[in-house]
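Protein chains in written order, with the numbering used here: chain C, 23 to 228; chain W, 325 to 497.
Hint data in this document are derived by calculation from the structure and do not stem from the laboratory. All of these numbers come straight from a predicted model, not from anything done at the bench. Positions of the beta carbon are idealized from the N, C-alpha and C atoms, including for glycine. Incorrect hints may have been included.
Computed cross-link-like contacts, DSS-like style, restricted to lysine-lysine with a CA-CA straight-line distance of at most 25 Å [stated by the list, open to error]:
#, chain 1, residue 1, chain 2, residue 2
1, W, K387, W, K344
2, W, K344, C, K198
3, W, K369, W, K431
4, W, K347, C, K227
5, C, K142, W, K369
6, C, K142, C, K173
7, W, K355, W, K369
Derived Cβ-Cβ restraints for the label pairs, each shown as a range [to be verified]:
#, chain 1, residue 1, chain 2, residue 2, range
8, C, E155, W, E487, 28 to 36 Å
9, W, G353, C, P128, 34 to 42 Å
10, C, P213, W, A401, 34 to 42 Å
11, C, V196, W, K369, 40 to 48 Å
12, C, K142, W, K432, 28 to 36 Å
13, W, K406, C, E155, 56 to 64 Å
14, C, E152, W, V448, 32 to 40 Å
15, W, K344, C, E215, 49 to 57 Å
16, W, Q433, C, D76, 34 to 42 Å
17, W, S493, C, S75, 43 to 51 Å
18, C, S177, W, N402, 48 to 56 Å
19, C, D76, W, N402, 50 to 58 Å
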Amino acid sequence: MKSLKILVVLTLLLVVSAFAFTQIDTFESGYAVGDVATDFKLKNVDGNVVSLSDFDKAKGFIVVFTCNTCPFAMANEDRILDLDKEFKAKGYPVIAINPNNPEVQPGDSFEAMQERAREKGFTFPYLFDENQEIYPQYGATKTPHVYLLQKEGESLLVRYIGAIDDSVRDEATVTKRFVADAVQALLAGKPVEPSNTKAIGCSIKA
Amino acid sequence: MAAFLALGCTDATKGQELPKPVKVHQEQGYKLPVYDYEHFKPFLKVTDTDVVRVINFWATWCKPCLAELPAFEALQANYKDKQVEVILVSLDFPDQVKERLIPFILKKQLKSKVLLLDDPHGDVWIPQVSEEWSGAIPATIILTSEEYRFYERSFEYPALEHELLSLKSNFND
Numbered sequence: 023m024k025s026l027k028i029l030v031v032l033t034l035l036l037v038v039s040a041f042a043f044t045q046i047d048t049f050e051s052g053y054a055v056g057d058v059a060t061d062f063k064l065k066n067v068d069g070n071v072v073s074l075s076d077f078d079k080a081k082g083f084i085v086v087f088t089c090n091t092c093p094f095a096m097a098n099e100d101r102i103l104d105l106d107k108e109f110k111a112k113g114y115p116v117i118a119i120n121p122n123n124p125e126v127q128p129g130d131s132f133e134a135m136q137e138r139a140r141e142k143g144f145t146f147p148y149l150f151d152e153n154q155e156i157y158p159q160y161g162a163t164k165t166p167h168v169y170l171l172q173k174e175g176e177s178l179l180v181r182y183i184g185a186i187d188d189s190v191r192d193e194a195t196v197t198k199r200f201v202a203d204a205v206q207a208l209l210a211g212k213p214v215e216p217s218n219t220k221a222i223g224c225s226i227k228a
Numbered sequence: 325m326a327a328f329l330a331l332g333c334t335d336a337t338k339g340q341e342l343p344k345p346v347k348v349h350q351e352q353g354y355k356l357p358v359y360d361y362e363h364f365k366p367f368l369k370v371t372d373t374d375v376v377r378v379i380n381f382w383a384t385w386c387k388p389c390l391a392e393l394p395a396f397e398a399l400q401a402n403y404k405d406k407q408v409e410v411i412l413v414s415l416d417f418p419d420q421v422k423e424r425l426i427p428f429i430l431k432k433q434l435k436s437k438v439l440l441l442d443d444p445h446g447d448v449w450i451p452q453v454s455e456e457w458s459g460a461i462p463a464t465i466i467l468t469s470e471e472y473r474f475y476e477r478s479f480e481y482p483a484l485e486h487e488l489l490s491l492k493s494n495f496n497d
């Protein structure tokens, strides 16, 4: 009987520690520049399910993790619209994804996303990472957080990770348009430099 | 100008002169010092071997930041006589200082030192604070003359105090 108890405790310990390690793995995983990005199937604000594989003619994607509620994300909405306007026709459309849990951040519910997309006249898909599975795979930690992907054969390669430009808060003080410059570099067949940048953002609400 | 000078001198804690701000916002009798990163940088170095500095990056619009503010306030209250300096570095929008940030500080009666870090070019300064920092807030640094620990996470009081004590356990010596 005693040995059974010990066995049960040991098994429990094993399960718990395995779980703990999985958690750490999930937390620390995420893409680096050069990695292959995963496709997804996420619900768009228009009710349709969107995958990157739906875009036959795209050369790549400007994937932006963003939301309705973060003031830094909101400060970038017009810039995200501008990126879509500038690069969709050139083969790099914007794909916006809201990674937040609406139970923690009610303003980021699917209905609120639909409203925000309507208000701002989003010209790009605004997808809901409803199960919060995609942002950890990408390694997004905040909004806004950009992943620039380039198609290479069947794969999508990560070419740039970071900020939209060098002044997240205030468009007036932008001196470098990181994402725009990165897409231009890809279009010109040149390496992306810098390929990693940082900006203040709101932590993703899990 | 008088406010500027007074702040530079009287806010020196435990004989340590604090870095001078680039300007000071005054509202309802409250003085909020404003720094760009260059002027803020000296906060990231502690020379006095007795001092522990706890720097928390936050903003009034950041929900998890507000949730953890009481922990930092409690740490300040419990350890202010033990050479622990808590500094709340606000990343609020500069145009919301008067209507939002200062009224919030007054309403919550924050006792920790608050300053505004107003520097738009995060890509330059975020990696200087820590290479580990993605830029998400809340984020916290606990530093002594010997150690510099960076955390991109939220804290509750016990965990925060635990980190402090793991850096400096001899508060009673």
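- [ ] Could you tell me which of the numbered hints above are not met by this structure, giving the numbers in increasing order?
- [x] Hint check: 1, 2, 3, 4, 5, 6, 10, 11, 13, 15, 16, 17 fail, others pass.
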